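For the record, the sequence lines run as chains A and B.
In terms of the working numbering, the first sequence opens at residue 1 and continues consecutively.
In terms of the working numbering, the second sequence opens at residue 1001 and continues consecutively.
These aren't lab readings, by the way, just hints derived from the structure by calculation.
Everything hinted at is true.
Chain A is faced by these chain B residues, among others (derived, beta-carbon under 10 Å):
(1) Ala1153
(2) Ala1158
(3) Gln1576
(4) Glu1597
(5) Gly1598
(6) Ala1625
(7) Arg1631
In this text the structure is predicted, and so the values were computed from the model without any measurement.
No residue lacks a Cβ here, since even glycine has one placed at the ideal position from N, Cα and C.
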Amino acid sequence: MPTANNPSPVSRVLAAANSVILGKSNQTRLALCCLLARGHLLIEDLPGVGKTTLAHTLARLLGLQFARIQFTSDMLPADILGVSIFDRERSSFRFLPGPVFSQVLLADEINRATPRTQSALLEAMEEGQVTTEGETRPLPEPFFVIATQNPSNQIGTFPLPESQLDRFLLRLDLGYPDRDAERALLESGGSREQLPALAACLGAGEFAPLQRLAAAVYASPALLDYLQLLIEASRREQRFVHGLSPRAALALLAAARAWAFTDGREMVLPEDVQAVLPAVARHRLRLVSGSHADAEDIAALMRSVTLP
Amino acid sequence: MRLRPPQTIDQAAVPWLLAVALATASPHAEHLPPWLSLLFGAAVLWRLWLWWQRRPLPPRWCLALLVLGALAAIAWQYRSLLGRDSGVAMLALFMALKPLEMKTRRDALVVVMLGFFLLLTHYFYSQSIPTGLWLLASCTLLTAALIRLHGGAQPLAAIVRQAGLLLLQATPFMLILYLLFPRVSGPLWGLPQDAHAGRSGLSSEMAPGSISSLILSGAIAFRSHFAGETPEKADLYWRGPVLDAYDGLTWRVSALAAALPRKAPVVESRGAQYSYTSIIEAHNQRWLLALDVATSLPAGAMQAPTLEVLAREPLRARSRFSFASSVDYHANRAESAAILQQSLSLPAAINPRARALADRWKSRPPARIADAVLSMFRNEDFHYTLRPPLLGADAVDEFLFGTRRGFCEHYASAFVFLLRAAGVPARVVAGYQGGEVNPVDGYLIVRQSDAHAWAEVWLAGEGWVRYDPTAAVAPSRIEQGIVAALPEGEPLPGIVGLDADWLRQLRYRWEAANNTWNQWVLGYNPQRQREILSRFGMPNPDWQSMSTALAALCGVALLLVTVWTLPRRRRVDPAQRAWQRYCVALARRGVTRAAWEGPLAFANRVAVERPQLAALTSEAARCYAALRYGRGDSEQLLVLQECVHRLPARWRKSA
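Just chain A, with the same shape it has in the complex (with noise of 0.2 Å):
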């Protein structure tokens, strides 16, 4: 166990992460539950409220190799994978990698880019490697995309379809900043000045074992008896258009996993399939109405489950 000395590797990027982003706690550990579980994140809310300085700061943190990508509406497959141009000197063709060869892509504001555009990146998500003119050629390791997106109701957007939501392990709304932590961003001048000089909390190659200690979290048959209630429940629930799928299902368990981990325990609780539940479930349930889930929906989900 990590003594107050000696803090785990987690808790010192959570406690540097939260010196960044003011009063989100819950919202950065989520995140970092996200890219422990190998999914990747989809940030959504108003701009201006810090969707990418939170991408930005937990790939500095992470020491990860980074690049990033603003998406437009007239933004082609290509700006993101790559082109093969015409070498002379060689006289053959030669491929120029595109940003999405890096290890956390930050794509912002993914949903002002053409279906066609972002499908390509999702694709890219799926596989873990991109086919371009015939050849095949891996991502680096690990890949992570954190994207961001505006609520779809704003002007200019192309709104992810179902399929593609799905491929997000969690989605997170920041919301405004509580008094106190909007009064300490207004005093410190806005966060993105301090980005240039945050340092790296872990060394290269040092996320990888992570990852794999939080994949090893102890889920009992206990827990996956409760997970499997919340699935069905949400099944049977006649709000939702239709239910969690197998794959949310495992999105629930890996992130369940992911935030015992950052809790430093070694089982998972309900409680920790509680407190994901929301960032896995809101874009994958679709209410009758139309609309997504909020959060009262998932509440009211999980107080219909009684403890097994």
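Fit chain B to the given chain A structure using the hints.
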């Protein structure tokens, strides 16, 4: 434990409860006063509208006024608030108005319980197959409403399936109770008198029109099953009351037969004996409608001097009797003088023309006189009709010499009058003639529409001989039945005049099913119960041994149902049991763990709400979490089990 505020009813459950109210009360509309049925419908519609519009329920004083007004109306209607009909009316009223004050879940449960109670009352009025099916469906609905109230919103199919499953699990208990619950003869509690009102059948009087109005009912009077072959249709005379007193208008059962010393009639059978079993519907009279003439009687019955078979008590419920009869017989060749005297008496100074006609025949032998009357009916312009013209004071004269249109009661009446006037002892016999064999189960069905009246003449050396004057006018009445005998266009109950073949087949099947139901379900009386129990090795069971068997079998059934449902429930592990005990102990101290709340989250909440218990609860929660969700060891289990004992004593209220 603190009192919780009453739980308000889930609004989406309201239609369920209104459906319950409708299903359990609507069959009563048949006998409730129309204003109450209207009030019921209006109350349900009102409640439905309030629910639809999400409006508040009516105020208390308004409901109180409604209840008082309706109760007063019921008391006025039935002249009492006690008794079957007014009691049922009150229950229906409560069922109509309770939904209007249904705010809490407790109110909703009251509606469901009232529904279960109201279901029972339907058996006061009908025990037929459709009633049974309706009540079974209503019972499922009530159970489903309970499931909806307790289990929250679920798909309709899931609720109905669960209700059906519950009823299925209850079936063994239902069967055991049905078979073994000690039965008493007659109802368990005294039914009020109005329970026996309104049964149709022959009466002990016959005036013109009394039988022809009975004919209009297609209701079944009784069913018979012959052990051997069935007699010819023309021999099927089922004897009811013997009417031997005449006042010029009405034939009655004279007081004479009852006054005579009990002397069994002498019947000499001359041909084959037919043995048969009759299931007679309740008709509130004592006669048992045996085939003429009975030679062997069921236990407890007796044969009157006038040959009809009588039960000890009026028939208040459908009952089963076994007889043997002979259709070729000499009855009472030596008849008592009093009866012969009664069979000659006529009121003085009426029907002078008929008397004059009879006077002319007086010199002939009695049998020739009877034949003369029959040949008059046969050869002159007499007609058989259900709608005869009305007759005045000299009814027989007007009929014989004027209208000449009549029904069996007219012919029997005129025949007996003429014979008595000519000095031959004669009397009217009422009963049923004919019947129809149901090919499905072989039972002979006799309906009210087979009601008939005929005559009997006492001839020296032969005893009482049956003469059916109707047969002289309309032979087809006896040979083929009432439908063939009546002219076209006469009103008849639809069930009797059924033409289409498939409809008749359907009716046969339905009546056979009803017969089986009557015998095996409704006819399961103390005697049958004894028969069945002795077959299972309990000869002469008393109520103690029956109750013991009842309890034992219910226990076995409960065990079986438990075993059937048990494997679906995982065995509770000791850590969980210990944690649950700890949580129950905490609940008694005012902090209740929600069903979905994990151990550490609960411990955190306890730390806020009851700081004194924080350390202990946190320890218990950590042990439990490790045991249930991690790889805890037995030491942690001991600690967890100890925690509940380390809780401080409970606070008093003042604390």
